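*Asks:* Chain by chain, the residues:
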Amino acid sequence: MTKHELAGDQRSVAVDTAATEQAVIRFPQGLPGFEELTRFFLCERAGLQPLILLVALDTADVALPLLRAADFLTDYSPPIPGSDLDALDATRVEELDLFVVVTFEGKDGGVAANLMAPIYVNRTRCLGRQVVLPEGSYPVQFALLPSHE
Amino acid sequence: MLILTRKIGEKITIGESIVVSVLEINGSQVRLGIAAPQTIAVHRSEIYERIREQNRQAGSIALSQVGALSERLRTLFPKQPIPEK
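Each protein sequence line maps, in turn, to chains A and B.
So in my numbering, spot 49 of the first sequence is number 49, and the numbers just go up one at a time.
So in my numbering, spot 34 of the second sequence is number 34, and the numbers just go up one at a time.
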């Protein structure tokens, strides 16, 4: 490896790191099941669409597939308690991006979305929170695709 | 663990702002009323545990599976209405 190539690699890594640092979204409470992880970033790539990955920064092997709720679901407007808005440093729900976690069973198994615990992100403040809604409001497993197995 | 014995109508106070009341006892079932500030989330433990499990399962997706999953999801148009519960 030449000095020039090495310098190029170093510059490339530095740029990537800076981009990641800017996009770090803090989840001060962690996520249920991952309470110890508080720093994530949203990986949005054309090849992944419609999925968005919520990637943990402090471990190498945690990435949650998300869907932007508005892309797939009509009539999904869960009420967010004022305390959750406060925690997200927001005054109105319109300031927040709303995502749902996608669960799946195997390669061709059923695909579902968790509508009872949506993820809200305040991109301006770089804050995120998974809100557990009151029981009976929305299902934990809302089927999106049936199993093909 | 603190263990307390309570009768119907009696209460337990936790901290300064959480009150748990025993409303009804029916066989092996106990109905509790919980008064807590909005900032305190109150859920049945099994619901919270189910959400934890779902997150863990979702979070363990291998990168090799993401492409196939997104391809399947691209078929999901138009938007799905949420059925009445």
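Worth flagging that the hints you see were computed from the coordinates, not collected in a lab.
Here the structure is a predicted model, which means the values were calculated and not measured.
Hints may contain errors.
Stated by the list, open to error - A few chain A residues that don't get close to chain B, going by computed Cβ distances all over 12 Å:
no.	residue
1	ALA23
2	ARG45
3	PRO50
4	THR74
5	ASP86
6	ARG92
7	GLU94
8	THR103
9	ARG123
10	ARG125
11	CYS126
12	GLU135
13	VAL140
Stated by the list, open to error - Covered, in the sense of this in silico footprint (three residues per stretch, anywhere, with C-beta under 8 Å from a C-beta of chain B), are these stretches of chain A:
no.	segment
14	25–34
15	63–71
16	77–85
17	110–116
Positions of the beta carbon are idealized from the N, C-alpha and C atoms, including for glycine.
*Asks:* Determine for every hint whether it applies to the structure shown.
*Replies:* Verification of the supplied hints:
1. ALA23: holds, 19 Å
2. ARG45: Given that some Cβ of chain B is not farther than 12 Å from that of A/ARG45, nearest at about 10 Å, it is violated.
3. PRO50: Nearest chain B Cβ is 5 Å from A/PRO50, so the label is violated.
4. THR74: Answer for A/THR74: violated, closest chain B Cβ roughly 5 Å.
5. ASP86: violated, 8 Å
6. ARG92: Per Cβ check, A/ARG92 is outside 12 Å of chain B; nearest 17 Å; holds.
7. GLU94: holds, 19 Å
8. THR103: Non-interface label on A/THR103 violated, nearest chain B Cβ at 5 Å vs cutoff 12 Å.
9. ARG123: Holds: least Cβ distance 21 Å, greater than 12 Å.
10. ARG125: holds, 18 Å
11. CYS126: holds, 20 Å
12. GLU135: Per Cβ check, A/GLU135 is inside 12 Å of chain B; nearest 6 Å; violated.
13. VAL140: Per Cβ check, A/VAL140 is inside 12 Å of chain B; nearest 6 Å; violated.
14. 25–34: holds (count 4)
15. 63–71: holds (count 5)
16. 77–85: The restraint on the segment 77–85 of chain A holds, since 3 of its residues have a Cβ under 8 Å from chain B and three suffice.
17. 110–116: With 4 residues closer than 8 Å to chain B, the segment 110–116 of chain A meets the three-residue bar; holds.
The structure shown violates the earlier hints numbered 2, 3, 4, 5, 8, 12, 13.
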